[in-house]
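Going down the list, the sequences are from chains A and B.
Just so you know, we're using this note's numbering here: the first sequence kicks off at 1 and counts up by one.
Just so you know, we're using this note's numbering here: the second sequence kicks off at 1 and counts up by one.
I should point out that these hints are in silico values taken from the structure, not numbers from a laboratory.
All residues carry an ideal CB built from backbone N, CA and C; glycine is no exception.
A few of these clues could be false.
[Claimed, not checked] Chain A side only, calculated, beta carbon under 10 Å to chain B, not exhaustive:
1) I18
2) S32
3) Y94
[Unchecked claim] Some chain B residues near chain A, calculated using beta-carbon distances under 10 Å:
4) K13
5) R15
6) Q37
7) G40
8) P43
9) F45
10) Q48
11) G56
12) L88
13) N102
14) E103
15) F106
16) G107
17) G109
[As the list claims (entries may be wrong)] Covered, in the sense of this in silico footprint (three residues per stretch, anywhere, with C-beta under 8 Å from a C-beta of chain A), are these stretches of chain B:
18) 78-84
19) 89-96
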Amino acid sequence: QKEVEQNSGPLSVPEGAIASLNCTYSDRGSQSFFWYRQYSGKSPELIMSIYSNGDKEDGRFTAQLNKASQYVSLLIRDSQPSDSATYLCAVIPYSGAGSYQLTFGKGTKLSVIP
Amino acid sequence: ETGVTQSPTHLIKTRGQQVTLRCSSQSGHNTVSWYQQALGQGPQFIFQYYREEENGRGNFPPRFSGLQFPNYSSELNVNALELDDSALYLCASSSPSPGVVNEQFFGPGTRLTVL
Chain A
1 QKEVEQNSGP LSVPEGAIAS LNCTYSDRGS QSFFWYRQYS GKSPELIMSI YSNGDKEDGR
61 FTAQLNKASQ YVSLLIRDSQ PSDSATYLCA VIPYSGAGSY QLTFGKGTKL SVIP
Chain B
1 ETGVTQSPTH LIKTRGQQVT LRCSSQSGHN TVSWYQQALG QGPQFIFQYY REEENGRGNF
61 PPRFSGLQFP NYSSELNVNA LELDDSALYL CASSSPSPGV VNEQFFGPGT RLTVL
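The task is simple: from the sequences and hints, build the whole structure.
Here's what the structure looks like:
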């Protein structure tokens, strides 16, 4: 069974600090990786996508991918109270059949303390 | 550019009833995927539609069925509702291309409560 694992948290960081969120996946053939942010009672919002080993930066967000270790992370610099949400890691496992289904972790709840 | 829309926002049904949820994909997107999100869990893939054909299905029973229309909008139908079907139902649209990261964008969801 193809799985995505995340620490459920909650992860608490002070305002202005770096928040580090981690995710591991079981399907070694996975090619595409995503981070979604989900506020309570709302739907997931795509914040980062990455598919090559290394770092990808977008504003205060940096996604890191290490396919050899089957590990994806998200760093949030200068964390703000508005970043408080659940962060979902999602992977498209290799299916070979062309179906681009997302497999999600359970999410990590982040709380940024003012 | 119009985003993904879903209707209704909330729905209350009783066990054994049938429900239809609707989704309009983002402009230019030809693929719709449906997910179920139970409280405190990540979304679970139900199925995906591409050019009006089912293109992949998750571990859900046949009483979960769907359609995609020529304008790429989609419906999710659930028959014989069970209490465990209570969840947030999410529709995501995308436009997959070979060699391109397949980003999926979610609608606001439909909150289904089964009593």
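Verification of the hints:
1. I18: This interface hint is violated because 24 Å lies over the 10 Å limit.
2. S32: holds (5 Å)
3. Y94: violated (12 Å)
4. K13: With a minimum Cβ separation of about 20 Å from chain A (threshold 10 Å), the hint on K13/B is violated.
5. R15: Where the cut-off is 10 Å and the nearest Cβ of chain A is about 25 Å from R15/B, the hint is violated.
6. Q37: Given a least distance of 8 Å, the restraint on Q37/B holds.
7. G40: holds (7 Å)
8. P43: At 5 Å from the nearest chain A Cβ, P43/B passes the 10 Å test, so the hint holds.
9. F45: holds (4 Å)
10. Q48: At 6 Å from the nearest chain A Cβ, Q48/B passes the 10 Å test, so the hint holds.
11. G56: holds (3 Å)
12. L88: Check passed: Cβ of L88/B comes within 8 Å of chain A, closer than 10 Å.
13. N102: Nearest chain A Cβ about 4 Å off; hint holds.
14. E103: Check passed: Cβ of E103/B comes within 5 Å of chain A, closer than 10 Å.
15. F106: holds (4 Å)
16. G107: Holds. Min distance 6 Å.
17. G109: holds (5 Å)
18. 78-84: Since 0 is below three, the answer is violated.
19. 89-96: holds (count 4)
Checked against the numbered hints listed earlier, the structure breaks hints 1, 3, 4, 5, 18; every other hint is satisfied.
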